[in-house]
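Novice: Protein chains in written order, with my numbering: chain Y, 328 to 511; chain P, 328 to 511; chain D, 328 to 511; chain A, 328 to 511.
It is worth saying that the hints were derived from the structure and are not from the lab. Some hints here could point you the wrong way.
If we take Cβ atoms under 8 Å as the criterion, some of the chain A residues that face chain Y in the derived model are [stated by the list, open to error]:
{"hint": "1", "residue": "Pro337"}
{"hint": "2", "residue": "Cys370"}
{"hint": "3", "residue": "Ala415"}
{"hint": "4", "residue": "Tyr444"}
Positions of the beta carbon are idealized from the N, C-alpha and C atoms, including for glycine.
There are 4 protein chains.
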Amino acid sequence: MTTPSYRPAPEWETDRWFNAPAPLTLAGLRGRVVLLGAFQMLCPGCVQTLLPQLQQAHALFDPKQVAVVGLHTVFEHHAAMTPVALEAFLHEYRIGFPVGVDRPGGPGGMPLTMARYAMQGTPTLILVDGLGRLRMQRFGHEPDLRLGASIMKLVDEADAAGPLPDAAAGADRTGVCTPGQGCD
Amino acid sequence: MTTPSYRPAPEWETDRWFNAPAPLTLAGLRGRVVLLGAFQMLCPGCVQTLLPQLQQAHALFDPKQVAVVGLHTVFEHHAAMTPVALEAFLHEYRIGFPVGVDRPGGPGGMPLTMARYAMQGTPTLILVDGLGRLRMQRFGHEPDLRLGASIMKLVDEADAAGPLPDAAAGADRTGVCTPGQGCD
Amino acid sequence: MTTPSYRPAPEWETDRWFNAPAPLTLAGLRGRVVLLGAFQMLCPGCVQTLLPQLQQAHALFDPKQVAVVGLHTVFEHHAAMTPVALEAFLHEYRIGFPVGVDRPGGPGGMPLTMARYAMQGTPTLILVDGLGRLRMQRFGHEPDLRLGASIMKLVDEADAAGPLPDAAAGADRTGVCTPGQGCD
Amino acid sequence: MTTPSYRPAPEWETDRWFNAPAPLTLAGLRGRVVLLGAFQMLCPGCVQTLLPQLQQAHALFDPKQVAVVGLHTVFEHHAAMTPVALEAFLHEYRIGFPVGVDRPGGPGGMPLTMARYAMQGTPTLILVDGLGRLRMQRFGHEPDLRLGASIMKLVDEADAAGPLPDAAAGADRTGVCTPGQGCD
Numbered sequence: 328m329t330t331p332s333y334r335p336a337p338e339w340e341t342d343r344w345f346n347a348p349a350p351l352t353l354a355g356l357r358g359r360v361v362l363l364g365a366f367q368m369l370c371p372g373c374v375q376t377l378l379p380q381l382q383q384a385h386a387l388f389d390p391k392q393v394a395v396v397g398l399h400t401v402f403e404h405h406a407a408m409t410p411v412a413l414e415a416f417l418h419e420y421r422i423g424f425p426v427g428v429d430r431p432g433g434p435g436g437m438p439l440t441m442a443r444y445a446m447q448g449t450p451t452l453i454l455v456d457g458l459g460r461l462r463m464q465r466f467g468h469e470p471d472l473r474l475g476a477s478i479m480k481l482v483d484e485a486d487a488a489g490p491l492p493d494a495a496a497g498a499d500r501t502g503v504c505t506p507g508q509g510c511d
Numbered sequence: 328m329t330t331p332s333y334r335p336a337p338e339w340e341t342d343r344w345f346n347a348p349a350p351l352t353l354a355g356l357r358g359r360v361v362l363l364g365a366f367q368m369l370c371p372g373c374v375q376t377l378l379p380q381l382q383q384a385h386a387l388f389d390p391k392q393v394a395v396v397g398l399h400t401v402f403e404h405h406a407a408m409t410p411v412a413l414e415a416f417l418h419e420y421r422i423g424f425p426v427g428v429d430r431p432g433g434p435g436g437m438p439l440t441m442a443r444y445a446m447q448g449t450p451t452l453i454l455v456d457g458l459g460r461l462r463m464q465r466f467g468h469e470p471d472l473r474l475g476a477s478i479m480k481l482v483d484e485a486d487a488a489g490p491l492p493d494a495a496a497g498a499d500r501t502g503v504c505t506p507g508q509g510c511d
Numbered sequence: 328m329t330t331p332s333y334r335p336a337p338e339w340e341t342d343r344w345f346n347a348p349a350p351l352t353l354a355g356l357r358g359r360v361v362l363l364g365a366f367q368m369l370c371p372g373c374v375q376t377l378l379p380q381l382q383q384a385h386a387l388f389d390p391k392q393v394a395v396v397g398l399h400t401v402f403e404h405h406a407a408m409t410p411v412a413l414e415a416f417l418h419e420y421r422i423g424f425p426v427g428v429d430r431p432g433g434p435g436g437m438p439l440t441m442a443r444y445a446m447q448g449t450p451t452l453i454l455v456d457g458l459g460r461l462r463m464q465r466f467g468h469e470p471d472l473r474l475g476a477s478i479m480k481l482v483d484e485a486d487a488a489g490p491l492p493d494a495a496a497g498a499d500r501t502g503v504c505t506p507g508q509g510c511d
Numbered sequence: 328m329t330t331p332s333y334r335p336a337p338e339w340e341t342d343r344w345f346n347a348p349a350p351l352t353l354a355g356l357r358g359r360v361v362l363l364g365a366f367q368m369l370c371p372g373c374v375q376t377l378l379p380q381l382q383q384a385h386a387l388f389d390p391k392q393v394a395v396v397g398l399h400t401v402f403e404h405h406a407a408m409t410p411v412a413l414e415a416f417l418h419e420y421r422i423g424f425p426v427g428v429d430r431p432g433g434p435g436g437m438p439l440t441m442a443r444y445a446m447q448g449t450p451t452l453i454l455v456d457g458l459g460r461l462r463m464q465r466f467g468h469e470p471d472l473r474l475g476a477s478i479m480k481l482v483d484e485a486d487a488a489g490p491l492p493d494a495a496a497g498a499d500r501t502g503v504c505t506p507g508q509g510c511d
């Protein structure tokens with residue numbers, strides 16, 4: 328059903344985890360689609376676009392099907408973006424999904440997982456399928472419509488017969504028009 | 328693979344079409360997922376959220392798999408939202424996907440297709456699967472992430488083995504950070 | 328206190344008015360600062376930025392000091408942007424300040440007032456001081472911070488001793504942090 | 328010309344300054360309007376609204392008339408929001424105006440200046456007039472249009488005869504319409 332040409336996603340190397348009872352490994356998430364967002368807490372594009380997108384994905388998808396994971400890949404300003412600072416950041420920005428700290432020690436000040444994936448910078452979005460294969464790696468901001476479709480495609484490779492996502496959830500009714508009542 | 332409980336989507340009734348060489352029918356789109364956006368050109372929520380979302384879906388998905396269609400469902404200010412006015416509107420807002428004009432004559436000033444679907448107002452988003460069944464109807468604004476996932480789910484019911492959407496497309500690199508160069 | 332080098336703002340030529348008990352003239356507004364916004368109802372930049380900005384200015388400034396006026400300067404799609412269509416548009420977008428219809432008949436399909444001011448297109452923002460002189464004419468979107476300062480500068484030329492604007496109004500507290508309660 | 332009822336703005340107490348050749352004092356800025364923005368680097372509302380607004384004010388107003396100053400008022404997560412972390416933050420977010428670090432030691436973990444002004448939290452915007460008097464203190468987000476008007480009002484109390492701000496600057500022409508070329 329799928330071609331065998333995708334390479335295995337490298338395991339990550341982490342020092343600490345937040346919002347998780349125990350360290351997460353990529354191997355331990357086999358069977359689920361993994362949406363991994365690599366960020367730095369002082370990266371403007373990460374704060375403005377990546378993290379809200381991960382939060383939305385975390386709220387939308389069934390955690391048994393999709394694991395949303397953050398990875399703090401500090402490659403500059405190491406004295407500023409410490410685990411203590413990250414913990415405060417995650418608290419103030421109300422980040423609820425698991426976040427691991429990429430282990431320092433790669434070339435050029437990069438942490439190890441960032442180097443293994445040859446990431447260009449932050450933010451980077453990565454999709455790993457249920458078989459542990461690297462299916463997407465994108466540096467920069469990925470539009471929500473495309474990301475939603477990509478995640479669902481990988482979910483459906485296992486089973487395309489499930490329901491539409493979040494069918495009971497309401498829609499935003501700002502600016503709608505109704506007969507008799509005009510527009511809000 | 329799918330349950331038989333979904334009802335057939337009612338055929339639409341239209342008077343005119345823009346951005347289409349000939350009138351479109353729902354029956355004629357069988358085999359494709361149909362994303363139908365019902366709007367009025369003077370509905371603020373339609374202009375701000377629905378139409379840009381339909382444009383993005385039109386650009387993202389393979390037209391052989393997903394047909395993006397607009398439906399102008401005028402239920403108020405009929406003298407203002409004429410086909411002539413709609414044509415100018417579509418031109419100025421650079422709308423490139425097919426748009427049909429819902430036929431007047433339903434109860435309470437509503438047009439016929441709007442009445443058949445019992446739409447509450449505008450904007451309304453509708454998803455019809457490849458078998459012509461009504462799978463989603465949402466009044467208000469649907470988040471992009473969820474809509475992207477819902478469309479892909481219906482695409483995958485026919486064939487979940489295709490590629491991720493738009494794999495070659497670039498990402499937005501506003502505010503990214505790179506080693507050695509800092510943040511933009 | 329001011330230099331005499333500014334030219335008088337040309338009087339406008341209008342056919343109809345909305346949101347006004349009687350036609351407005353520029354001469355009749357002498358003594359007040361006039362913020363004139365020239366727009367077309369099918370101009371995307373006007374709908375997205377100019378009209379919300381005019382609404383905000385209309386709510387913020389004392390009408391005895393600042394008159395906020397819209398001018399519908401149709402230079403294309405005349406059959407679509409009729410007074411009937413404009414009336415529906417103003418209703419749906421909840422526009423509460425006076426709006427005049429620029430009189431057709433200028434060169435190249437432009438209306439008369441647009442031609443007199445040699446406007447380049449829509450949106451165009453114009454400021455007239457209390458002495459009826461043209462003090463600013465800007466094609467495109469003017470940032471709120473600069474526009475607020477420019478309006479106040481002209482108000483202050485008559486009397487700089489008044490209070491700060493809207494001193495009693497509340498601020499938006501989205502995302503604020505407070506001791507003991509953290510961040511919203 | 329002005330009433331004598333405004334109280335003097337309390338002097339601030341700071342430990343360090345960034346983007347300034349020497350420590351700034353409020354007394355040393357007498358004669359200029361001071362726009363002071365109190366923030367914390369991990370406060371979402373500060374990052375999203377206050378700091379961009381201060382940057383825009385810094386770019387717009389003549390520095391001989393208006394001094395834009397940031398004050399880092401850390402009242403929680405002290406171990407995360409150190410001066411070292413602040414320095415990295417200011418670099419990554421391209422903050423170019425002077426920023427002082429409010430001195431720790433007030434009641435309840437608050438720093439001294441924050442306590443003197445009885446600030447409720449962050450962000451807080453403060454306006455001090457050219458005579459050193461406290462004219463506005465606002466907790467939360469102040470709209471740009473109103474802030475621009477308030478700043479100019481205080482500038483004009485000294486001299487209302489100056490030019491409009493930034494008369495040579497261009498406007499944003501996204502979505503404009505021009506005769507013959509339609510809308511962008």
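Novice: Evaluate each hint against the coordinates.
Specialist: Consistency of the hints with the structure:
| no. | hint | verdict |
| --- | --- | --- |
| 1 | Pro337 | violated (27 Å) |
| 2 | Cys370 | holds (7 Å) |
| 3 | Ala415 | holds (4 Å) |
| 4 | Tyr444 | violated (22 Å) |
When each numbered hint is compared with the structure, violations occur for hints 1, 4.
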